Amino acid sequence: MSSPLVTTQWLQDNLNNERLVLIDASMATIIGKDPIVYERPMWIPGSRQIDLEGVLCDTGSSQTHAFPTEEQVTEEAQRLGIATKSLIVLYDNQGIYSAPRAWWIFRSMGVKHVFVLDGGLPQWLAEKREVVSTITETTAKPGNFVANFDHSRVRNSTYVLQHLDDSWVTVVDARARSRFLAQVPEPRPGVRSGHIPHSHNLPFTEVLEGHCFKPVSKLKAIFVTLAPPLHSSSEPQLVFSCGSGITACILLLAAELAGYHQLSLYDGSWANWGSDESLPVA
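In this note's numbering, the protein residues as written are 1 to 282.
Calculated from the structure, these hints are not laboratory results. Note that the coordinates shown come from a computational prediction; the quantities given were computed from them, not determined experimentally. Keep in mind that a hint or two might mislead.
Unchecked claim - DSBU-like cross-link-like pairs, simulated, lysine-lysine; straight-line CA separation at most 30 Å: (1) Lys128 x Lys214; (2) Lys33 x Lys220; (3) Lys112 x Lys141; (4) Lys218 x Lys141; (5) Lys218 x Lys112.
Build out the structure end to end from the sequences listed, making use of the hints.
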């Protein structure tokens with residue numbers, strides 16, 4: 001499969017595929033959109049669950065939602081039964097919100113076959129597909145996957161600062177426009193308002209349509225205005241930022257759908273940049 005997305009119909013047809021590892025990557029805290037609230041817990045049959053804010057977050061770092069270590073990802077992947085040939089499908093209960101974050105973690109750590117369910121649980125429910133009220137206990141044989149971190153997929157503030165004036169590097173901020181323009185205070189104490197100089201604002205909601213991503217043609221039209229091709233033999237590098245590195249991954253996935261390949265996440269994002277007084281703010 002060439003797309004990083006799978007459809008609900010594809011998942012329905014593959015629920016009994018022995019290679020499938022289906023993972024709920026939902027988060028408790030939702031920022032930037034009105035959260036979907038459920039009267040009772042529910043999951044797609046066969047789901048396992050990961051904790052993006054605890055288990056798959058480097059809690060030894062001072063950064064908010066710091067990218068996990070190789071050791072953390074290896075341990076969690078093996079617990080989930082992930083092997084080299086596994087097909088990992090991730091979803092969340094907001095449609096498209098935190099699943100792309102899990103997707104980028106696994107991709108950055110060397111997982112080859114990892115996908116996001118377009119529309120997530122809300123789309124699954126809208127199509128009246130079966131759900132269950134209990135999560136699957138992981139009793140599968142431990143997987144043999146070992147993480148191998150590609151550091152070019154995750155950047156820090158030093159890298160962003162060094163390339164602020166480079167025409168071939170474009171920083172894209174997924175926060176709401178009111179936060180980008182410092183019209184409202186930041187939700188995290190001690191974080192300045194504003195944005196990274198020369199960065200572009202693309203609120204993550206603008207790449208979504210209903211519970212799903214917009215069609216590829218619309219995504220291409222969005223991204224070509226932000227980062228037009230440099231020349232035939234090269235393409236711009238896109239560095240994605242947001243509040244703390246979660247919703248930036250929605251734009252990362254959208255950019256890949258639009259045909260871009262030189263993509264990276266600014267780890268820590270505005271929570272890191274905005275709290276460091278030595279870094280410039282626009």
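| message | Against the 30 Å threshold, does the CA-CA distance of Lys218 and Lys112 hold or violate the hint? | response | Satisfied, since the Cα-Cα distance of roughly 27 Å is no more than 30 Å.
| When you check the alpha-carbon spacing of Lys128 and Lys214, does it fall within 30 Å? | Holds, at about 22 Å.
| said: Given the hinted pair Lys112 and Lys141, is their Cα-Cα distance within 30 Å? | reply: With a Cα-Cα distance of about 20 Å, the restraint between Lys112 and Lys141 holds, given a limit of 30 Å.
| Is it true that the CA of Lys218 sits at most 30 Å from the CA of Lys141? | Not OK: Lys218 and Lys141 at ~42 Å, beyond 30 Å, violated.
| field | Pair hint Lys33 and Lys220, alpha-carbon separation not exceeding 30 Å | value | Measuring from Cα to Cα gives roughly 23 Å; hence the hint holds.
The structure fails to meet hint 4 from the earlier list, while all remaining hints are met.
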